[in-house]
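Whenever a hint applies, use it, and build me the whole structure from the sequences.
These protein sequence lines map, in sequence, to chains A and B.
Start counting the first sequence at 1; every next residue gets the next number (the numbering used here).
Start counting the second sequence at 1; every next residue gets the next number (the numbering used here).
Hints in this document: simulated from the structure, not taken from any laboratory.
Straight-line Cα separation of at most 25 Å, SDA-like style, residue types lysine to any residue; simulated pairs:
(1) B:LYS101 <-> A:PHE55
(2) A:LYS100 <-> B:LYS5
(3) B:LYS5 <-> B:TYR39
(4) A:LYS57 <-> A:PHE88
(5) B:LYS5 <-> A:ASP59
Some chain A residues near chain B, calculated using beta-carbon distances under 7 Å:
(6) LYS100
(7) SER105
(8) GLY106
We treat Cβ as the ideally placed atom computed from N, Cα and C, and that holds for glycine.
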Amino acid sequence: DGGITQSPKYLFRKEGQNVTLSCEQNLNHDAMYWYRQDPGQGLRLIYYSQIVNDFQKGDIAEGYSVSREKKESFPLTVTSAQKNPTAFYLCASSPTRGEKLFFGSGTQLSVL
Amino acid sequence: DQQVKQNSPSLSVQEGRISILNCDYTNSMFDYFLWYKKYPAEGPTFLISISSIKDKNEDGRFTVFLNKSAKHLSLHIVPSQPGDSAVYFCAALTRGTSYGKLTFGQGTILTVHP
Chain A
1 DGGITQSPKY LFRKEGQNVT LSCEQNLNHD AMYWYRQDPG QGLRLIYYSQ IVNDFQKGDI
61 AEGYSVSREK KESFPLTVTS AQKNPTAFYL CASSPTRGEK LFFGSGTQLS VL
Chain B
1 DQQVKQNSPS LSVQEGRISI LNCDYTNSMF DYFLWYKKYP AEGPTFLISI SSIKDKNEDG
61 RFTVFLNKSA KHLSLHIVPS QPGDSAVYFC AALTRGTSYG KLTFGQGTIL TVHP
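See the structure below:
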């Protein structure tokens, strides 16, 4: 069953703590993305990667970091520098030069 | 600067009637547009798309219309069903320079009453 798996579904972060959100895909897609959704707002692009070992900042990359060591995996770390991390985080993938994104089921991050 | 706007935060329709969701954009470089449907605590799922060389695309109960001169697109759902109740996002991109880098609107919450 091909798809995108995000874990955990819910995550809590303490002040000053870094947390990592997992994203794995078995669609054999080259490109992967991280978006953030806040209530009443659209999805905003955090980081994207079009190929292994390469990634670019999106519109709101400050306070986040990523890695792309494997084609299937694109983890997102929310660092302590991100002052407003509470949001719903969505991972997506697409074929190279594909217009359509396929999304995972999301991770809700909250601050304790 | 919001390049894609959905000015109606919510829409309520009766089952069986038409739902019309609207979206405006400001960036004339956008040449491909998509609609996604999202249920709470889930990821968006692709619904329908349209290229800027067309003005209409149809898929079953869903039709998207594009008016390039007005920089406006709309999604028509006919007939509406209670299962259509969800948040609908329009998104846009410029093929060739920003594949996959979708710019999303704020979303419209559609409620279809039985």
